[in-house]
Amino acid sequence: MATVKDFRVKEKPTWCPGCGDFAVLSALQKACANNGLEPENVALITGIGCSGKLVQHFGSYGFHTLHGRSLPSAQGVKLGNQDLTVIAAGGDGDGYGIGMGHLIHSIRRNIDLTYIVMDNHIYGLTTGQMSPTSKKGFKTKTSPQGSTEEPVRAVETAIANGISYVAQAFSGDVKHMTKIFQDAITHKGFALVNTFSPCVTFNKVNTYEWFKDNLINLDEEESYDPTDREKALHIMHEKAGMVYGTIYKNPRPVFNEEMLGASDIAAAKLDLNIPLAEKRELLATFR
Amino acid sequence: MTRELTWKVGGAQGEGIDSTGEIFAMTLNRRGHYIFAYRHFMSLIKGGHTNFKVRVASDKVGYHGDGLDVLIAFDQKTIDYNWHELNENAVLIYDSSRIKSPSIPEDKPGVSLCPVPVTDMAKEVGSAIMKNMVACGVSAAVVGLKPDIFDTLIQDRFGKKGEKIVESNKSAIKAGYDYAMKQFGVLKSVPEATLEKDGGGHVFLSGNEAISMGALFAGCRFLAAYPITPATEILYWALAHWPKYGGKIVQAEDEIAACIMAIGANYAGTRAMTSTSGPGLSLMQEAIGLAGISETPLVIVDVMRGGPGTGLPTKTEQSDLNELMYGSHGEIPRIVLTPSTVEECFDFTIQAFNLAEKYQCPVIVASDLFLGMSKQSLSVDDIDLEHIEIDRGNILTDEQLAALEERAYQRYKITESGISPRTIPGQKNGMFTALSNEHSEGSPVEIEDPETRKRMMDKRMKKLKDFDFGERAYEYDGPEETDITLAGFGSTVSQMKEAQAILEREGLKVGRLTVKVVKPFPDEAVKRVLQGAGHIVVVENNATGQFADLLKQRVGFHDKISNCLKYDGDPFTVKEILDHCEQFKGVTV
Chain A
1 MATVKDFRVK EKPTWCPGCG DFAVLSALQK ACANNGLEPE NVALITGIGC SGKLVQHFGS
61 YGFHTLHGRS LPSAQGVKLG NQDLTVIAAG GDGDGYGIGM GHLIHSIRRN IDLTYIVMDN
121 HIYGLTTGQM SPTSKKGFKT KTSPQGSTEE PVRAVETAIA NGISYVAQAF SGDVKHMTKI
181 FQDAITHKGF ALVNTFSPCV TFNKVNTYEW FKDNLINLDE EESYDPTDRE KALHIMHEKA
241 GMVYGTIYKN PRPVFNEEML GASDIAAAKL DLNIPLAEKR ELLATFR
Chain B
1 MTRELTWKVG GAQGEGIDST GEIFAMTLNR RGHYIFAYRH FMSLIKGGHT NFKVRVASDK
61 VGYHGDGLDV LIAFDQKTID YNWHELNENA VLIYDSSRIK SPSIPEDKPG VSLCPVPVTD
121 MAKEVGSAIM KNMVACGVSA AVVGLKPDIF DTLIQDRFGK KGEKIVESNK SAIKAGYDYA
181 MKQFGVLKSV PEATLEKDGG GHVFLSGNEA ISMGALFAGC RFLAAYPITP ATEILYWALA
241 HWPKYGGKIV QAEDEIAACI MAIGANYAGT RAMTSTSGPG LSLMQEAIGL AGISETPLVI
301 VDVMRGGPGT GLPTKTEQSD LNELMYGSHG EIPRIVLTPS TVEECFDFTI QAFNLAEKYQ
361 CPVIVASDLF LGMSKQSLSV DDIDLEHIEI DRGNILTDEQ LAALEERAYQ RYKITESGIS
421 PRTIPGQKNG MFTALSNEHS EGSPVEIEDP ETRKRMMDKR MKKLKDFDFG ERAYEYDGPE
481 ETDITLAGFG STVSQMKEAQ AILEREGLKV GRLTVKVVKP FPDEAVKRVL QGAGHIVVVE
541 NNATGQFADL LKQRVGFHDK ISNCLKYDGD PFTVKEILDH CEQFKGVTV
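Read top to bottom, the protein sequences are chains A and B. For the record, in the first sequence the residue sitting at position 254 is 254 according to my numbering, with numbers rising by one throughout. For the record, in the second sequence the residue sitting at position 582 is 582 according to my numbering, with numbers rising by one throughout.
Extracted from the complex, chain A is given alone in its bound form:
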């Protein structure tokens, strides 16, 4: 059975010392090993930015794609080979900016995969511009007078659109994050894990300390029922999104099993040859 070591590569990450993404990498490696996955059966698909580099340090099959495009790519991978465990990852700029449309449609479709968004409220790799999750009033190179836009409420949007599983995790709590990733990967359907992963270089406001002071761990609240949609929306609103843990679970039929052409054999493993007689029959339909 594979261990954490099998999900590691020798190349060292180029993230800034202290970057929250180190915790995401380590938690994901542990989660995959804990879930008993074999590296060759995992495909990690990322967008770009610091978050996108996750795939470069993860020992499985991987695809480092384009800005905002991890989700369509990951869905194609899953539909191409449903036997793979498919994980998509990206950042808040990547996933909630250019990739926001794909997120909504991934939720609608509910293809069985896990989507990790490393949310640091800023564009890091392009050296510090406001992102879709930057708080109103947040000053950056492109919002010198403070952002005048409301932040994207991705988790609430996901719940409103009927997402199958949504959770939040925090790079300051790797143990909890590992558990959430394990859950999300095990969950059958589209699972979004919005992960607060601080940028220590460009975001001096939303720091580890700031998250620690403000975040509430929902998994520790005994009365919280993650299957209650109204409550999930209510708590996100009430706490201004500053919660982590499992927020909402909504088991739904998955697209890859319901779609036209769904089969027990993965598309990548099908016999592609069609008998000549059947080809002739198909051609004859044009008469």
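Since the hints were derived computationally from the structure, they do not count as laboratory data. For clarity, every value in this text was computed on a predicted model and none was experimentally measured. One or more hints might be untrue.
Within a straight-line C-alpha distance of at most 27 Å, the following computed BS3-like cross-link-like pairs (lysine-lysine) qualify [what the hints assert, rightly or not]:
1. A:K269 <-> B:K454
2. B:K413 <-> A:K12
3. B:K428 <-> A:K12
4. A:K12 <-> B:K454
5. A:K5 <-> B:K188
6. A:K179 <-> A:K139
7. B:K413 <-> A:K279
8. A:K279 <-> B:K160
9. B:K428 <-> A:K30
10. B:K413 <-> A:K10
11. A:K269 <-> B:K160
12. B:K428 <-> A:K188
13. A:K279 <-> B:K244
14. B:K428 <-> A:K10
15. A:K279 <-> B:K358
Given chain A, put chain B in place with the hints provided.
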């Protein structure tokens, strides 16, 4: 010479014009005639003007013809818009229930005017929607066919709805037939039908349908697409026939997602494609770059339409050529195939999948609305089902991977051919990270050092150095030395053929060149063919002469090339090509 009859029905969009045309065309196709059917339609649901033209011929034809023998007009607009196309002794049948006093130009006194109260007759047998059947009955009478020729098709189409519906449709046909026989008699004749040896008539299909069927037979099991005219039929046929073979079809949220999904599925080891038209292709450009640098196989079908912007969504054009050749950021290896016939749409799509996996790069199959949406009769033998080969290219086997040292596999290994052996996720000891960033041979991380960058660029660019599409690359018909050589790509081939035949009958030495792969361009072959050409008339459906420019760039002959352009949304007529050639008659280069 091809004996033929041309027939057209026209009216407002939404009043059954297409079904009238289809029933007439399909019925004659089943009898063993050769048919070419062209739909002229507008980007709206109801109203406007639409028409459906059918050319019935004694030999295979790939064009609906310049003139018109029989026109059925459901409204005055149809007369106004199509009068110019009528031959001198044509027949105009018009719905006298709706056009009480038609306005008829006086310039063609030989045209027979045949008023038929089509709508009233349809109402009498049941409902006004049956007027298409009345029109079919009238048509049969006028061209000398029996009304029962439609029976089997009506049974196939309406049998499920019950015997009553079948019977009322037959009555409508009979009513139209009897009326026309009594009032006008036989005015035109159709060429002889040649029933095929298996008795089933010809197959009757469009370029789009041929592409969708070709993809299925090529082993494609994933299609992600966004609905767009004129490419949507590819999606429809796939939905109807692929799922039985495990084929998965996704209506993506946009073309960006569609193309990236196809890349993802290809990466996962499934033959996958996307289909679109111009504006969708523009959205896919970033994905084409991704496929190029990550060396992921990808098949894209572009069925061109009038541009730019949303342009002429329901009209034909060949104006995406530059985008197909050069689109996307950076520099990548790519293959662009330009089938010119329905048979080639089928064959080239199959080739596209083999080439995409062989060279691990994007392969674009480009047709256009005229080729994609027009249906034509083919002999069943024209579609070669027996020699379809599925070649998955260089994919390492599990045994080969097991023999490698642990984690020694290098996805982007530099090889003599520039093509690196591939692995498929799920294969043990074959793990790799596909990268959109520049990268080295085997490391999962991006690189920026100049030396590696150059080595990887050279590796990718080397892949297609020896690319050779063989006999499929071009078609040349004509002598070595010509007075005029017609040259083009894609769907213009049939009109060029007909123009060539007419010019040859006038005593000219005429050549015809159709290029079928524009990237990598078959430089040597084209140069050889054009060496002895007199005037080179480049025929293409765009305003700037993109293909002529490509010819000049690849093979020269600037002084001999002239542009024969059309960009009003309609396919070329033979006459337009002949008119352009007029200036070169007797003029030596």
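Evaluated hints:
The straight-line distance between the Cα atoms of K269 (chain A) and K454 (chain B) is roughly 36 Å, outside the 27 Å bound, and the hint therefore fails. Using a Cα cut-off of 27 Å, the hinted pair K413 (chain B) and K12 (chain A) holds, with the two alpha carbons roughly 22 Å apart. Distance hint between K428 (chain B) and K12 (chain A) is fulfilled; the C-alpha atoms sit about 23 Å from each other, no more than 27 Å. Among the hinted pairs, K12 (chain A) with K454 (chain B) is consistent with the structure: their alpha-carbon atoms are about 24 Å apart, no more than 27 Å.
For a cut-off of 27 Å, the pair hint linking K5 (chain A) to K188 (chain B) is broken: about 82 Å separates their Cα positions. A threshold of 27 Å between alpha carbons decides the hint, and for K179 (chain A) with K139 (chain A) the separation of about 34 Å lies outside it, so the pair is violated. For the proposed pair K413 (chain B) and K279 (chain A), the alpha carbon gap of about 38 Å is over 27 Å, so the pair is violated. Using a Cα cut-off of 27 Å, the hinted pair K279 (chain A) and K160 (chain B) holds, with the two alpha carbons roughly 25 Å apart.
Between the alpha carbons of K428 (chain B) and K30 (chain A) the distance comes to roughly 20 Å, so the proposed pair stays at or under 27 Å and holds. At most 27 Å may separate the alpha-carbon atoms for a hinted pair to count; K413 (chain B) and K10 (chain A) meet this at roughly 19 Å. Restraint check for K269 (chain A) and K160 (chain B): the C-alpha separation of about 38 Å exceeds 27 Å, so the hint is violated. Distance check on the hinted pair: K428 (chain B) and K188 (chain A) sit about 25 Å apart at the alpha-carbon level, within 27 Å; holds.
Using a Cα cut-off of 27 Å, the hinted pair K279 (chain A) and K244 (chain B) holds, with the two alpha carbons roughly 12 Å apart. This hinted pair checks out: K428 (chain B) and K10 (chain A) have alpha carbons roughly 18 Å apart, not beyond 27 Å. For a cut-off of 27 Å, the pair hint linking K279 (chain A) to K358 (chain B) stands: about 24 Å separates their Cα positions.
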